[in-house]
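Peer 1: Chain by chain, the residues:
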Amino acid sequence: MGRYDVNLLLGGEAGQGLVTIAMILTKALVRAGYCIVVTQSYQSRIRGGHNTFAIRISPAEIIASRASVDLLVALNEETVRLHRPEMSDAGLILVDERFAADHDQVLKVPFQEFATDRSVNVAYLGILTHLLGLDEGVVFQALEDYFGAKKPEVTAANREVFAKAIGWADAKQLPETVRLAPATDRRERLMLNGNEAIALGAISAGLKFCAFYPMTPSTSIPLTLQAAADPMGLVVEQAEDEIAAINMAIGASYAGVPAMVATSGGGFALMVEGVSLAGMTETPVFIVVAQRPGPATGLPTRTEQGDLEFVLHAGHGEFPRAIFAPGTVEECFHLSRQALFLAEKYQTPIFLLTDQFLADSYRAVVAFDIDSLAPVVVGRDPAAVPVPYARYALTETGISPRLVPGLSEHLVICDSDEHTPDGHITEDLTIRRQMVEKRLRKEAGLRQEVIPPAYVGHVSPELLMVTWGSNRGAVLEAAATLKAQGRQVAALCFSQVWPLLGEQFLEQLQSAQEVIMVEGNAFGQLARLIRRETGFEIRRHIRRYDGLPITPEYILQALSS
Amino acid sequence: MLDVAIYGDYETAWCPGCGNFRILPAVKKALAASNLAPHQVTFISGIGQAAKAPHYLNANLFNGLHGRSLPVATGARLANHRQPVIVESGDGCTYGEGGNHFLAAIRRNVDLTLLVHNNQVYGLTKGQASPTSDTGFVTKAQPHGVAAAPFNPIAIAVALQANFVARAFVGLEDHLVEMIKQALAHPGFALVDILQPCVSFNKVNTFAWYKNRCYILPESYDPTDWAAAMAKAHEWGDKIPLGVIYRNNRLPFEAHFPCLQEVPLARQPVDKAKLREFLGHFQ
Numbered sequence: 001m002g003r004y005d006v007n008l009l010l011g012g013e014a015g016q017g018l019v020t021i022a023m024i025l026t027k028a029l030v031r032a033g034y035c036i037v038v039t040q041s042y043q044s045r046i047r048g049g050h051n052t053f054a055i056r057i058s059p060a061e062i063i064a065s066r067a068s069v070d071l072l073v074a075l076n077e078e079t080v081r082l083h084r085p086e087m088s089d090a091g092l093i094l095v096d097e098r099f100a101a102d103h104d105q106v107l108k109v110p111f112q113e114f115a116t117d118r119s120v121n122v123a124y125l126g127i128l129t130h131l132l133g134l135d136e137g138v139v140f141q142a143l144e145d146y147f148g149a150k151k152p153e154v155t156a157a158n159r160e161v162f163a164k165a166i167g168w169a170d171a172k173q174l175p176e177t178v179r180l181a182p183a184t185d186r187r188e189r190l191m192l193n194g195n196e197a198i199a200l201g202a203i204s205a206g207l208k209f210c211a212f213y214p215m216t217p218s219t220s221i222p223l224t225l226q227a228a229a230d231p232m233g234l235v236v237e238q239a240e241d242e243i244a245a246i247n248m249a250i251g252a253s254y255a256g257v258p259a260m261v262a263t264s265g266g267g268f269a270l271m272v273e274g275v276s277l278a279g280m281t282e283t284p285v286f287i288v289v290a291q292r293p294g295p296a297t298g299l300p301t302r303t304e305q306g307d308l309e310f311v312l313h314a315g316h317g318e319f320p321r322a323i324f325a326p327g328t329v330e331e332c333f334h335l336s337r338q339a340l341f342l343a344e345k346y347q348t349p350i351f352l353l354t355d356q357f358l359a360d361s362y363r364a365v366v367a368f369d370i371d372s373l374a375p376v377v378v379g380r381d382p383a384a385v386p387v388p389y390a391r392y393a394l395t396e397t398g399i400s401p402r403l404v405p406g407l408s409e410h411l412v413i414c415d416s417d418e419h420t421p422d423g424h425i426t427e428d429l430t431i432r433r434q435m436v437e438k439r440l441r442k443e444a445g446l447r448q449e450v451i452p453p454a455y456v457g458h459v460s461p462e463l464l465m466v467t468w469g470s471n472r473g474a475v476l477e478a479a480a481t482l483k484a485q486g487r488q489v490a491a492l493c494f495s496q497v498w499p500l501l502g503e504q505f506l507e508q509l510q511s512a513q514e515v516i517m518v519e520g521n522a523f524g525q526l527a528r529l530i531r532r533e534t535g536f537e538i539r540r541h542i543r544r545y546d547g548l549p550i551t552p553e554y555i556l557q558a559l560s561s
Numbered sequence: 001m002l003d004v005a006i007y008g009d010y011e012t013a014w015c016p017g018c019g020n021f022r023i024l025p026a027v028k029k030a031l032a033a034s035n036l037a038p039h040q041v042t043f044i045s046g047i048g049q050a051a052k053a054p055h056y057l058n059a060n061l062f063n064g065l066h067g068r069s070l071p072v073a074t075g076a077r078l079a080n081h082r083q084p085v086i087v088e089s090g091d092g093c094t095y096g097e098g099g100n101h102f103l104a105a106i107r108r109n110v111d112l113t114l115l116v117h118n119n120q121v122y123g124l125t126k127g128q129a130s131p132t133s134d135t136g137f138v139t140k141a142q143p144h145g146v147a148a149a150p151f152n153p154i155a156i157a158v159a160l161q162a163n164f165v166a167r168a169f170v171g172l173e174d175h176l177v178e179m180i181k182q183a184l185a186h187p188g189f190a191l192v193d194i195l196q197p198c199v200s201f202n203k204v205n206t207f208a209w210y211k212n213r214c215y216i217l218p219e220s221y222d223p224t225d226w227a228a229a230m231a232k233a234h235e236w237g238d239k240i241p242l243g244v245i246y247r248n249n250r251l252p253f254e255a256h257f258p259c260l261q262e263v264p265l266a267r268q269p270v271d272k273a274k275l276r277e278f279l280g281h282f283q
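One line per chain: the protein sequences are A and B, in this order.
Its first residue numbered 1, the first sequence is counted upward by one per residue in the working numbering.
Its first residue numbered 1, the second sequence is counted upward by one per residue in the working numbering.
Hint data in this document are derived by calculation from the structure and do not stem from the laboratory.
One or more hints might be untrue.
As the list claims (entries may be wrong) - Listed next, the in silico DSBU-like pairs over lysine-lysine satisfying Cα-Cα at most 35 Å (straight line):
#: 1; chain 1: A; residue 1: 151; chain 2: B; residue 2: 272
#: 2; chain 1: A; residue 1: 108; chain 2: A; residue 2: 150
#: 3; chain 1: B; residue 1: 211; chain 2: B; residue 2: 140
#: 4; chain 1: A; residue 1: 150; chain 2: B; residue 2: 272
#: 5; chain 1: B; residue 1: 239; chain 2: B; residue 2: 126
#: 6; chain 1: B; residue 1: 203; chain 2: B; residue 2: 181
#: 7; chain 1: B; residue 1: 126; chain 2: B; residue 2: 203
#: 8; chain 1: A; residue 1: 172; chain 2: A; residue 2: 150
#: 9; chain 1: A; residue 1: 172; chain 2: A; residue 2: 108
#: 10; chain 1: B; residue 1: 272; chain 2: A; residue 2: 345
#: 11; chain 1: B; residue 1: 126; chain 2: B; residue 2: 29
#: 12; chain 1: A; residue 1: 164; chain 2: A; residue 2: 151
#: 13; chain 1: B; residue 1: 274; chain 2: A; residue 2: 150
#: 14; chain 1: B; residue 1: 274; chain 2: A; residue 2: 151
#: 15; chain 1: B; residue 1: 203; chain 2: B; residue 2: 239
#: 16; chain 1: B; residue 1: 211; chain 2: B; residue 2: 126
#: 17; chain 1: B; residue 1: 274; chain 2: A; residue 2: 345
#: 18; chain 1: B; residue 1: 140; chain 2: B; residue 2: 203
Looking at chain A on its own, in the form it has when it is part of the complex:
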């Protein structure tokens, strides 16, 4: 027996080792075959404050986080006070015996009996291994891997603390309320968060250059790329500012490599002129915007979906673009690849909008079939282009043959001014009109490659929930809960939010008795965009803009009120 759904929340101050315990446990759970959904909530400070790392665990597939807590691991008293109201029925609180904890189900552990302050993390892992019913060997191996090659005496000391903690737990009659049902999934899986998946997808597509300026919650993308830089042959450069970052990426792309930038709202604001430059010079560039609540500095470490309209309209003048909004970590990987392919094919900026929740949310992801992952081919064969070569040759599709400077005798001339087909500055207004039309013709191609929104559920439902990006799991789980209650429901989840093609979803909107938009902003930005593009007005809304992710409970509560 055992539980099929346990939501574990670790809470404490930054610097207490909370992330260490959580990361090792998460790795062990993935290796043991469990599904996980991680939600990280932290404050914009290095030490202190109150931070949490929630791991929802199941041997079956789960796709969303959950608000109610079954096992609270409180590294300080404040955590008990703050999260006691979130405890589920019979929920268990695990604390050091020195802390006060006013709750029915409290497990007080004498950590100082078997661990020092430095090794207490290992003792917590021992107790958790027992409570969750995990394999000791798997957890200890994850611990060893996390700390890397240590001196033998450190490994021995860790092993002793781990064994003492488990021995203590075995000797007691501890509650079995959070013991997990055994996992049966034996497929090879990776533990990835959204940002890591974006970076890995990009590398698999042949990304060779990334420039960035550090900004939460985007920074783990360039850091993942940097970890791959030497083995994979990438250049990852910390620029002097975001303006430099996007211009560097454009320069690298012009000179022949798939290139990207990753930032968040304020940093992207600085990149906007560069977005327009990529549009005008028809230079492929992949731009990731990891959203956090604004305006201005906002809530730097929290989540929101407030930058859809900004990204859609960023850049002066008119040029085509596409915007992806992955709903899962797998989609982060595949849409990162798709963005790089489209950028190269249509020679224009392509965006991926993620957010802090998805960026930091670890999941168990089935390993990718690497042999099937083709890389982007940059530019055309110099021997096959019409002569004399013209970088902006007028074509039916609007796509001109792109060559890379220095790799042939052809001269590759790009200009941010309006330009002639051969790339030189011009004020000939006839050419101006031809060039505008050429650039916009590329949008027809982009429109043919739009990924339709995923429709799940009843064909003519009483309630259709529409959402985009990282809310997908919460919406699907809420829909499943309502269906189990006998409601006729469906969900429509967008993972590409531009271009928006009414023919892909308008009928579904019209077939529902009631349509409700679920999104993480205050304006209802996708609802407004759908109305603008299709005329269909979504009248009911569930919105969230308090910095926290949308959960199934949040949706169900909003629906019932």
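Please arrange chain B on chain A, whose structure you already have, making use of the hints.
Peer 2: Same frame as chain A, but now just chain B:
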């Protein structure tokens, strides 16, 4: 030595008498003398009358945004570290709008040659002060005269110990060609600040004004002496020194990357075995 005719001869959008007319042939001569055929060099430029210069010769060119040519050049050079990259723009573009990039480029020391057409005024926007305008310079935008102290690009570059810092004047063409040639040959970041008159908007710093003040540094001057270079960098007014003010031999930025030692990034395939190994770290 290549024939300068291969770089072509084009009509320009410059005012008659503009100093740019003397820089363009000097650049062509330096390229020819450096044996760089048009396809073997990439120009990156910004916005302004100076930034149009690379449109008027045969070469690869990315003419980007105002102030942002150095970051574009950095990306382009890292993507193909075998291709010489020349950045060409004016004093407003390079030292004003792009000031932060100028500092960062010197610190990075990517192997780039930066040619700055410095006429101490904004031309294309019709006569406002530039970062290098002298204090007191009167324009319609600064009717009481420029209050700010001028930006001294040479002093800044020397202070940051740039790999190659030179000044030239359009009135001494052979010297100008020699400075560009040396900058191209010198590894790492190389600056050539080129003094030129703006016949339309700068009635103070005229051709004669520069000609009467500029002098070529004697052979006895040692450009590897940093303290002497700092002092020389501040010489401005009655006498203006021309030549290599400072030379350094810091390792170029590219040399620090294992993946930039042989084949350019732009020609490197994705190694699937290594990708598989890297993904293994996430198991």
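Peer 1: Now, for every hint given, state plainly whether the structure supports it.
Peer 2: Right, here's what the structure says about each hint:
no.	hint	in the structure
1	151/A to 272/B	holds, 33 Å
2	108/A to 150/A	holds, 31 Å
3	211/B to 140/B	holds, 26 Å
4	150/A to 272/B	holds, 30 Å
5	239/B to 126/B	holds, 28 Å
6	203/B to 181/B	holds, 31 Å
7	126/B to 203/B	holds, 13 Å
8	172/A to 150/A	holds, 32 Å
9	172/A to 108/A	holds, 12 Å
10	272/B to 345/A	holds, 23 Å
11	126/B to 29/B	holds, 30 Å
12	164/A to 151/A	holds, 20 Å
13	274/B to 150/A	holds, 25 Å
14	274/B to 151/A	holds, 28 Å
15	203/B to 239/B	holds, 19 Å
16	211/B to 126/B	holds, 24 Å
17	274/B to 345/A	holds, 26 Å
18	140/B to 203/B	holds, 13 Å
Violated hints are absent here; each numbered hint is respected by the structure.
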